[in-house]
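Protein chains in written order, with my numbering: chain W, 1 to 160; chain F, 1 to 471.
Don't take each hint at face value.
[What the hints assert, rightly or not] Straight-line alpha carbon distances no greater than 25 Å define the calculated DSS-like cross-link-like pairs of lysine-lysine that follow: (1) W:Lys7 - F:Lys320; (2) W:Lys108 - F:Lys313; (3) F:Lys164 - W:Lys148; (4) F:Lys50 - W:Lys159; (5) F:Lys313 - W:Lys42; (6) W:Lys111 - F:Lys320.
[To be verified] If you want the ones that stay clear, here's a sample from chain W, every Cβ over 10 Å from chain F, calculated: (7) Glu9; (8) Lys10; (9) Glu127.
[Claimed, not checked] Here chain W is said to cover these stretches of chain F; the calculated rule only asks that three of the stretch's residues, wherever they fall, bring their Cβ under 8 Å from a Cβ of chain W: (10) 101-112; (11) 271-282.
No lab work stands behind these hints: they were computed from the structure.
From a predicted model like this one, the values you see are computed outputs, not experimental measurements.
Even for Gly, the Cβ is constructed at its ideal location relative to N, Cα and C.
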Amino acid sequence: MKGSVIKYEKDNIDTDVILPGPYLKIHDYNELAKHAMEGLDKDFHSKVKNGDFIVAGRNFGCGSSREHAPIALAYSGIKAVLALSFARIFYRNAVDGAFLLPIEIDEKSYKSISDKDILEIVTEKNEIKNLTKNQIYSMKPFPELIGKIIAAGGLFNYKP
Amino acid sequence: MTKTLFEKIWDSHVVVEQKDGPSLLYVDRHLVHEVTSPQAFDGLRMNKRKVRRPDLTFATVDHNVPTSDRSLPIIDQISAKQIQVLETNCKNFGIQLFDIHSPNQGIVHVIGPELGITIPGATIVCGDSHTSTHGAFGALAFGIGTSDVEHVLATQCLWMDRPKTFEIRVEGKRKNVHAVTAKDIILSIIRQMGTSGGAGTVIEYRGQAITDLTMEQRMTVCNMSIEGGARAGLIAPDEKTFQYLKGRQYVPKNYDECVDYWQKNLKSDRGADFDKSITFHADKISPQVSWGTNPAMTTNVTDTVPFPEEYAKGNPDEEKAAIKALQYMNLKPGTYITDISLDRVFIGSCTNSRLEDLIEASKVIEGKKVSPKVRAMVVPGSQLVKKQAEELGLDKIFKDANFEWRESGCSMCLGMNPDILAAGERCASTSNRNFEGRQGAGGRTHLVSPVMAAAAAISGHFVDVRELDLN
């Protein structure tokens, strides 16, 4: 999985800025995508490309349980969010619906990655290659359940 | 072997346990609302699945319902559609719905306890992060997303990794029980532990200041557990819990037998080990006001807006976050909290919209008028709260003071319905999140107790409510 980075050097990016409340009435996923990150970055929709990654700080996706948040990101083209940590419900929503990969990275990798860097994520090796900077970072392995749900392609395909 | 309350509830609900792996947990009650359920029902249809236990599933409309006159049609067509879709889904799948005209309609976390759907020792889920509210009854209750909602509808079970246990003790007594409220207790806890201090844990709130709380106050505390990052918050049930629930519509028919069981089983054993523990002292807690853009950015009403470097205590990321928060909030460090003037006041939300909240707020405003600079509204949490408040004449007190008295729903807590802040407006709000844009794009939220919100409405700025006569 290869893509370009959109970096927000910020902790506590909450679901209200990822997908603001007024749009929770929308059922069409492509329509939701038009409002992704609108509370934080008005230019997100115009700059995001299919296959991009978001890089952010601690407690990404805190707040509301709205699955609309990972859906809006996924339908914008985001394939993974790399963050120092995630809020639990966002994390589960991201993998349950097979929307995107929530990947925990360490402080050093977080600081090393810049906006627009090209990364290659190799989950089988728990490895992130920064092709722009020629660096290699490790990602925190998925917990057992999460790894299995991801491998199955979402919660409903998961059989213990 | 000694066990905590959480461990007892968890262990009694495990359907499948895997060594070092996730557990499949049985769900006793599933609450459903219009915003996080449509895709879940679509998924059931697509896969030709039924709702496994419609008798344990209860639905209402709360997030996007207008709080204006309910005899009129809903103007926002997209909201109207979402509400109608839930009605159709409930009809097709045989689920009890408290619709927009039901006397039981209300915020899902207000009506669950009110109707006795919430009971001690149960596992309760809902597609809403503030499901932690129900932990006030000694239920293990947590928010889930739409895929999990579909999974629970189909199977009545949920895959989960076992959380860790976190004991938060609040010892001693509050100095002024009307001015220092449950909201001030939980805000001061989150202020200290941060927005992710509870991550991966289920909190059990204990100590005299917690057991002293009424059931409605306990709900306020457990409600905001999620703002500290916890999966759930719990308080062991006691006589107050059993009295509160007695005779409510949906409690089990063998209620007295249940109480016997709950009394014997639903408490942490003496000497049970928690993975972590912190202690607060109730007599040191002051009325709280949030100044920033997450609930941990909160301070005492008698303090000033902090300088970012002082708030950050050497953490450069925190300092940056504080600078940005102050910009968004348009506040200068060093400003006295009591000098912050307001445009709007909102009393409502699943945190603080219950009868006692409205009674406490009404004491502040009785015989007074809302400041001419302020627009203030009260949104009761449910139709039942509204009816009970009207029987006590609270609607008259609020209306005489120039508060708007509205119909029940989530309203301005999350800005999904027409009740929103305009850009730049500053609001004293009894809700739970002060995130950027939460109450409307560009709106500025200060989280406070109902008493503080009411006092701010009258004065036009925050006041030290301990100086008011609230008895």
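Hints versus structure:
Proposed proximity of lysine 7 (chain W) and lysine 320 (chain F) is supported: the alpha carbons are some 15 Å apart, at most 25 Å. Distance check on the hinted pair: lysine 108 (chain W) and lysine 313 (chain F) sit about 21 Å apart at the alpha-carbon level, within 25 Å; holds. The suggested pairing of lysine 164 (chain F) with lysine 148 (chain W) holds, with an alpha-carbon distance near 21 Å, which does not exceed 25 Å. At most 25 Å may separate the alpha-carbon atoms for a hinted pair to count; lysine 50 (chain F) and lysine 159 (chain W) meet this at roughly 19 Å.
Among the hinted pairs, lysine 313 (chain F) with lysine 42 (chain W) is inconsistent with the structure: their alpha-carbon atoms are about 31 Å apart, more than 25 Å. Pair hint lysine 111 (chain W) plus lysine 320 (chain F) holds up; C-alpha atoms about 15 Å apart against a cutoff of 25 Å. Distance to chain F contradicts glutamate 9 (chain W) as a non-interface residue, since its nearest Cβ pair spans about 8 Å, not more than 10 Å. Distance check on lysine 10 (chain W): its Cβ comes as close as 7 Å (rounded) to a Cβ of chain F, failing to clear the 10 Å threshold; non-interface status is violated.
Interface exclusion of glutamate 127 (chain W) from chain F stands, the closest Cβ pair being 24 Å apart, more than 10 Å. Counting residues of the stretch 101-112 of chain F whose beta carbon lies closer than 8 Å to any beta carbon of chain W gives 0, which falls below the threshold of three, so the coverage claim is violated. Figure legend: the stretch 271-282 of chain F, annotated as covered by chain W; annotation inconsistent (0 residues with Cβ-Cβ distances under 8 Å, at least 3 required).
In the structure shown, a violation is registered for the earlier hints numbered 5, 7, 8, 10, 11, in ascending order.
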